[in-house]
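Visitor: Sequence:
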Amino acid sequence: FFGWINDNVGSVGVVFICIAWEHVMLLIKYIINSASSGLPKSILDSMKEEKIKAAKRRNVNLGARHRQSKMNLVDESEQSPQGSNEPGSSIIGSALPSED
1 FFGWINDNVG SVGVVFICIA WEHVMLLIKY IINSASSGLP KSILDSMKEE
51 KIKAAKRRNV NLGARHRQSK MNLVDESEQS PQGSNEPGSS IIGSALPSED
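In this text, residue positions in the sequence shown follow this note's numbering: the first is 1, and each later residue adds one.
Since the hints were derived computationally from the structure, they do not count as laboratory data. Errors might be hidden in some of the hints.
Derived SDA-like pairs (lysine to any residue); straight-line CA-CA distance at most 20 Å [said to hold, decoys possible]: (1) Lys51 - Gly63; (2) Lys51 - Gly38; (3) Lys29 - Gly13.
Label-pair ranges, simulated between beta-carbon atoms [unchecked claim]: (4) Ser69 - Tyr30: 49 to 57 Å; (5) Ser34 - Trp4: 30 to 38 Å; (6) Arg57 - Ile32: 34 to 42 Å; (7) Val15 - Ala35: 40 to 48 Å; (8) Lys56 - Ile31: 33 to 41 Å; (9) Lys41 - Asn6: 42 to 50 Å; (10) Trp21 - Leu44: 31 to 39 Å; (11) Lys29 - Ile52: 33 to 41 Å; (12) Lys70 - Ser36: 49 to 57 Å; (13) Val15 - Ser36: 27 to 35 Å; (14) Asn72 - Ser46: 36 to 44 Å; (15) Leu62 - Ser42: 56 to 64 Å.
Even glycine gets a Cβ: it sits at the ideal position worked out from N, Cα and C.
Starting from the given sequences, assemble the full structure and let the hints guide the process.
Guide: This is how it looks when you write it as structure tokens:
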């Protein structure tokens, strides 16, 4: 087979044909690898499910922290010397000079 090609295109042509054939094979390999996933669908689904569960847990924890923070601010405002109901007023009130 290569003898017939060598007769028609020469030895340099055969080298170029081999290099071109190799490049075509590498391109096909790249297309196949990029089209297929490295992990089975069941594993990808379970990973996605775990991400969703982690996000829900994070949201619940953040909501609980936010509610706790609001309760702490309300408790501080009830204990503030000026009797202000503004969040953080105890911090501002403590920085003001006393009126003694």
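Visitor: Against each hint, give a clear statement of whether it holds in the structure.
Guide: Tested hints:
1. The straight-line distance between the Cα atoms of Lys51 and Gly63 is roughly 18 Å, inside the 20 Å bound, and the hint therefore holds.
2. Between Lys51 and Gly38 the alpha-carbon distance is near 19 Å, which keeps this suggested pair within the 20 Å criterion.
3. Restraint check for Lys29 and Gly13: the C-alpha separation of about 24 Å exceeds 20 Å, so the hint is violated.
4. Separated by about 52 Å at the C-beta atoms, Ser69 and Tyr30 satisfy the suggested range of 49 to 57 Å.
5. Between Ser34 and Trp4 the beta carbon distance is about 36 Å. The supplied range of 30 to 38 Å therefore holds.
6. Between Arg57 and Ile32 the C-beta distance comes to about 38 Å, which sits within the given range of 34 to 42 Å.
7. For the pair Val15 and Ala35, the beta carbons lie near 31 Å from each other, so the given range of 40 to 48 Å is not met.
8. In this structure the hint that Lys56 and Ile31 lie 33 to 41 Å apart at CB holds, the actual value being about 38 Å.
9. The hinted window of 42 to 50 Å between Lys41 and Asn6 holds, with their beta carbons roughly 49 Å apart.
10. A hinted range of 31 to 39 Å for the beta carbons of Trp21 and Leu44 is consistent with their spacing of about 35 Å.
11. At about 35 Å, the beta-carbon gap between Lys29 and Ile52 stays in the expected band of 33 to 41 Å.
12. As the Cβ distance of Lys70 to Ser36 is approximately 50 Å, the hint placing it in 49 to 57 Å holds.
13. The given range of 27 to 35 Å is respected by Val15 and Ser36, whose C-beta atoms sit roughly 32 Å from each other.
14. Our hint of 36 to 44 Å for Asn72 and Ser46 holds, since their Cβ atoms are close to 39 Å apart.
15. Judged by the Cβ atoms, the range 56 to 64 Å given for Leu62 and Ser42 is violated: they are separated by roughly 31 Å.
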